[in-house]
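Based on these hints, arrange chain B on the given structure of chain A.
Residue strings, one per chain:
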Amino acid sequence: MEALKIVDPSLLGLTSEQYSSLGPYLWVVGGSLLAMIFAVVPFIPARISVVCIAIASLIGAVVSAAHQITADRTDLFAGMMVSDGYSAFFNILFLATAALSILASVRYLEKQKLEYPEYYVLMLFSTFGMMLMASTLDLISIFIALEIMSLSAYVLVGFRRNDRRSNEAAMKYFILGAAASAILLYGTALLYGSTGSFLITDILARVTTKPELMTPAYHLGGWLVIVGFLFKVAAVPFHMWMPDVYEGAPTPITGFMTTGIKAASFAAFVRVFISLGYGKDIEAAIGGRLHDVLWVIALITMFFGNVIALTQTNLKRMLAYSSIANTGYLLVGMIAAPHSEAGYAPILMYLATYTVMNLGAFSILSVLSGKGDTNLNLHDLSGLARRHPWLSFAFAVFLFSMAGIPPTAGFASKYYLFYSAIQAGEIWLVVLAVLCSVIGVYYYLRVIVYMYMRENEGLEKFAVPALAAFSIAMMVAMTLQIGILPSKMIAVTKKVVAKL
Amino acid sequence: MEWLNTHLLTALTFLPLAWAVAGMAIPGRFSKHWTLAGSLLLFAVSLKLYYGFDPHGAEFQFAESVEWIPGLGVNYLIGMDGISLWLILLTTFLMPIVVLSSYNGVEDREKEYYTLLMALQTGMIGAFVSLDSFLFYVFWEAMLIPMYFLIGIWGGKDRIYATMKFFIFTMVGSLLMLVAIFFLAYQHKMQFGSFSTALVELYKVRLDGSGFLSTQSLLFLAFALAFAIKVPLFPLHTWLPDAHVQAPTAGSVILAGVLLKMGGYGFIRFAFPLFPQAVVLYQPTFLVLGSVAIVYGAWVAMVQPDMKKLVAYSSVSHMGYVIIGLFSLNAIGSTGAVYQMLNHGISTPALFLMVGMLYERRHTKEIKEYGGITKVMPLFAVAFMIATLSSVALPGTNGFIGEFLILLGAWKANPGLTVLAATGVIFGAVYMLWMIQRVMFGPLTNEANKKLKDLSLREIVVLAPLMVAIFWMGVAPNFFFRKMETSITRLVDRTAKAGAVAVALKGER
Numbered sequence: 001m002e003a004l005k006i007v008d009p010s011l012l013g014l015t016s017e018q019y020s021s022l023g024p025y026l027w028v029v030g031g032s033l034l035a036m037i038f039a040v041v042p043f044i045p046a047r048i049s050v051v052c053i054a055i056a057s058l059i060g061a062v063v064s065a066a067h068q069i070t071a072d073r074t075d076l077f078a079g080m081m082v083s084d085g086y087s088a089f090f091n092i093l094f095l096a097t098a099a100l101s102i103l104a105s106v107r108y109l110e111k112q113k114l115e116y117p118e119y120y121v122l123m124l125f126s127t128f129g130m131m132l133m134a135s136t137l138d139l140i141s142i143f144i145a146l147e148i149m150s151l152s153a154y155v156l157v158g159f160r161r162n163d164r165r166s167n168e169a170a171m172k173y174f175i176l177g178a179a180a181s182a183i184l185l186y187g188t189a190l191l192y193g194s195t196g197s198f199l200i201t202d203i204l205a206r207v208t209t210k211p212e213l214m215t216p217a218y219h220l221g222g223w224l225v226i227v228g229f230l231f232k233v234a235a236v237p238f239h240m241w242m243p244d245v246y247e248g249a250p251t252p253i254t255g256f257m258t259t260g261i262k263a264a265s266f267a268a269f270v271r272v273f274i275s276l277g278y279g280k281d282i283e284a285a286i287g288g289r290l291h292d293v294l295w296v297i298a299l300i301t302m303f304f305g306n307v308i309a310l311t312q313t314n315l316k317r318m319l320a321y322s323s324i325a326n327t328g329y330l331l332v333g334m335i336a337a338p339h340s341e342a343g344y345a346p347i348l349m350y351l352a353t354y355t356v357m358n359l360g361a362f363s364i365l366s367v368l369s370g371k372g373d374t375n376l377n378l379h380d381l382s383g384l385a386r387r388h389p390w391l392s393f394a395f396a397v398f399l400f401s402m403a404g405i406p407p408t409a410g411f412a413s414k415y416y417l418f419y420s421a422i423q424a425g426e427i428w429l430v431v432l433a434v435l436c437s438v439i440g441v442y443y444y445l446r447v448i449v450y451m452y453m454r455e456n457e458g459l460e461k462f463a464v465p466a467l468a469a470f471s472i473a474m475m476v477a478m479t480l481q482i483g484i485l486p487s488k489m490i491a492v493t494k495k496v497v498a499k500l
Numbered sequence: 001m002e003w004l005n006t007h008l009l010t011a012l013t014f015l016p017l018a019w020a021v022a023g024m025a026i027p028g029r030f031s032k033h034w035t036l037a038g039s040l041l042l043f044a045v046s047l048k049l050y051y052g053f054d055p056h057g058a059e060f061q062f063a064e065s066v067e068w069i070p071g072l073g074v075n076y077l078i079g080m081d082g083i084s085l086w087l088i089l090l091t092t093f094l095m096p097i098v099v100l101s102s103y104n105g106v107e108d109r110e111k112e113y114y115t116l117l118m119a120l121q122t123g124m125i126g127a128f129v130s131l132d133s134f135l136f137y138v139f140w141e142a143m144l145i146p147m148y149f150l151i152g153i154w155g156g157k158d159r160i161y162a163t164m165k166f167f168i169f170t171m172v173g174s175l176l177m178l179v180a181i182f183f184l185a186y187q188h189k190m191q192f193g194s195f196s197t198a199l200v201e202l203y204k205v206r207l208d209g210s211g212f213l214s215t216q217s218l219l220f221l222a223f224a225l226a227f228a229i230k231v232p233l234f235p236l237h238t239w240l241p242d243a244h245v246q247a248p249t250a251g252s253v254i255l256a257g258v259l260l261k262m263g264g265y266g267f268i269r270f271a272f273p274l275f276p277q278a279v280v281l282y283q284p285t286f287l288v289l290g291s292v293a294i295v296y297g298a299w300v301a302m303v304q305p306d307m308k309k310l311v312a313y314s315s316v317s318h319m320g321y322v323i324i325g326l327f328s329l330n331a332i333g334s335t336g337a338v339y340q341m342l343n344h345g346i347s348t349p350a351l352f353l354m355v356g357m358l359y360e361r362r363h364t365k366e367i368k369e370y371g372g373i374t375k376v377m378p379l380f381a382v383a384f385m386i387a388t389l390s391s392v393a394l395p396g397t398n399g400f401i402g403e404f405l406i407l408l409g410a411w412k413a414n415p416g417l418t419v420l421a422a423t424g425v426i427f428g429a430v431y432m433l434w435m436i437q438r439v440m441f442g443p444l445t446n447e448a449n450k451k452l453k454d455l456s457l458r459e460i461v462v463l464a465p466l467m468v469a470i471f472w473m474g475v476a477p478n479f480f481f482r483k484m485e486t487s488i489t490r491l492v493d494r495t496a497k498a499g500a501v502a503v504a505l506k507g508e509r
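Chains as they are written, first to last, in my numbering: chain A, 1 to 500; chain B, 1 to 509.
None of these hints come from the bench; they were simulated from the model. Values in this document were obtained by computation on a predicted structure and should not be read as measured data. Any given hint could turn out to be false.
If you want the footprint, here are the derived chain A segments under chain B, 3+ residues with CB under 8 Å [claimed, not checked]:
1. 399-411
2. 489-497
Restricting the straight-line Cα-Cα distance to at most 30 Å, the calculated cross-link-like pairs of lysine-lysine (DSS-like) are [what the hints assert, rightly or not]:
3. A:K111 to A:K461
4. A:K113 to A:K461
5. B:K204 to A:K494
6. A:K499 to B:K189
7. B:K189 to A:K495
Listing some non-contacts, in silico: residues in chain B with all C-beta distances to chain A over 12 Å [what the hints assert, rightly or not]:
8. G105
9. L199
10. Y203
11. F286
12. P477
13. R482
Heads up, the beta-carbon is just placed ideally off N, CA and C, and yes, glycines get one too.
Just chain A, with the same shape it has in the complex:
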């Protein structure tokens, strides 16, 4: 009885502001529960109803999250969770990723004879996990969010259940993902042990006021948490799981993972990263050496990702390695963020544009892929431009964008990132980064070579599904729009990180 009195009753109820800031989460949870029911309701074909419910709940959630991007910060559940511009920005990103991946999946699943409604339900669960990743301030909740997101993803990766590669990918992902989670959890335990708090803001406050709390256990805990996140974002040398997983997963899921899961991992990473005192002038913290270690990791990640991508002939694998390279660029942004005027804004901008162009590319790959995820080798694209001029045009836009050529979104965001790194004094890192990105130009353009400059010997003409065409067209428009007029996006990201 004594214990009950300790709980402040006001914590058990929620104010109306708090309810409304939970709107996006409620939409997604509600949508997934409803979808589960409709998946087993007789007479109504589940493949239609579930897709409609999923899309509707995502749209509802986007609308409700859009209000919060400018709203004030709202603390939830005694500070374990927060609803601010940062989380709203990422929520919109994840919701859009999920919606666009679903649009790309509908016909894909039909082609693969995999039309099971749980696919969409799992996507919604995973999306919910991502949203929590961006909004929790508590190491335990971060871990739970990570697991909600990852467990659904493990199943989705193995969704082509009759395919050996898909099963292998799921198994690999599960084992290595579990290992990464374990490392993260171990780090969490050590941080809690040395500071007595799970709240990441609290941890920073405590070590700042009481430097003697920074015991070796604290350092080890910090490092383990960082390594756990580096696993999740697939930085070299923690990337080993990634190419096989990305190749084995169903194509729309690969797109979903390279964008959504990566962005979610970075969203949580940034929050934790700040709380570990990087760039905050804490003496003797892991700050000093963290910079050097990340510097090296960023460099080898960019270099390794780009060089290995050069040798790939399978498009999914190529984009997987290019995603590693992109992690490297993002790490450059992480290193520079505390010392530059824009702070973490370039990372948000980069993640958003990377999501747009990468999802676009994977939507195209979903359209191209035949049964059993075939037809995704470079030579299958030979002469594609003659049969599908618009699809090739769209793919070319995405590839130019990934290569960072103006006037595309990839150009704007990559150089916004490098611009801020120069402000932080990381000139040599930026020089090396741009040289690495020249390597990238070669393999991106090679795809265009196949589409436009090779003879007509690739795939036969096929129908482009309307839903996928719609989402691809939207992403082309966004890629060009952000590329030509990036200032609005920059302003939004700046505002969002200002309150971080």
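Frame of chain A, contents of chain B only:
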């Protein structure tokens, strides 16, 4: 109309793109006529620039400024001076010629071809009018995309290798330039309190230029690498012969006529005024490289069995003159260099066009396949002769004025190297005249050549403006100098004097 008068440069930059987008709606077989009409219209509009430009007025005229990315201090800032005026006119002048010359040569995917040509023009004019270094970079890079497709789709047998090499070479240089631009913008913030990439603002930034590895020198090298690749300066020229030989005729013409000028223009507009001390420090290096390029290009051209490759290497040699003219850092040399850029933009396109005409008839560019062409194609032979003489700088043609001024300017800077560079004039005569001899004169031995038709009316129309320009520029150079001399004086003042003073001061200390 009122809008056009106040936004002339914007109209000129984006009209081609708009025209190309509109052209997508019309059937493919009309797109060449549509594009020709557009490029002629554009040339007419660009003439307004000539009449509107007052050489004694403000430094940059027809200026426009719109906020673009305020967070990074980037504005849409355009304008032009007497140097960019002529390069813009060169671009718009060549464009109708290029389009008309492609009438028969291009049959595959016509609509895409002409759309890309127009898009390319937007990139080129945009780069010449940008007064913001970031904006310049955007146009400079965006320009690569259409050229990449033009070479890669309509090029020769090894087109993919050539176009990739072209793209990657340019990218390496320009990305380092971008890093340097960011660094400058950051320095501007440190010194003046706000980010800016506007050129006139960056001119004010003071940087340490005291040594070969000082900040200023490193930034200069980053810019110089981008421009030297584009020029192309020995030893970074290796992409050029590949790209020229594989590109379709129109691609070669634009590449030689305009894109190479972008390198020289970049030196004038960016590298020189931004880093005056570094330029002085590196002057000998570039003079040597320029002289080597002249002689090396000429020697290599001499032994080429392929006409197009010969002309390509002659470009390396001719652009070497531009480099030594610019790096002599005096008004005469700089004027000569700008003039030489225009000359090269007239005579080399003429040669490429005529090689293309022969190729359309015989489907070979090998010199040994020809001989005695004068007998079957007399008109063609006359035109070819004129272009050749212009290329070897015969007095009375445009080439003479440019090379003469450059050598005069270079003599003041470094007599020894000028002697070396001057031998290039002789070698130039050797390879060009030797080619003429083998292709045009001698007995008509090859059966296939006996039935060759002389120039058609369309081809005459294509070549005539170039022939007129060759003589006009050779006889009345003042017509051109009048509009550019103030701008060149400003350039030289800003660069040479600031640099020399700074270096002298350092010597005294």
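Status of each hint after checking the structure:
no.: 1; hint: 399-411; verdict: holds (count 5)
no.: 2; hint: 489-497; verdict: holds (count 3)
no.: 3; hint: A:K111 to A:K461; verdict: holds, 16 Å
no.: 4; hint: A:K113 to A:K461; verdict: holds, 21 Å
no.: 5; hint: B:K204 to A:K494; verdict: holds, 29 Å
no.: 6; hint: A:K499 to B:K189; verdict: holds, 24 Å
no.: 7; hint: B:K189 to A:K495; verdict: holds, 21 Å
no.: 8; hint: G105; verdict: holds, 18 Å
no.: 9; hint: L199; verdict: holds, 18 Å
no.: 10; hint: Y203; verdict: holds, 20 Å
no.: 11; hint: F286; verdict: holds, 22 Å
no.: 12; hint: P477; verdict: holds, 37 Å
no.: 13; hint: R482; verdict: holds, 36 Å
Figure legend: structure checked against the earlier numbered hints; every hint is met.
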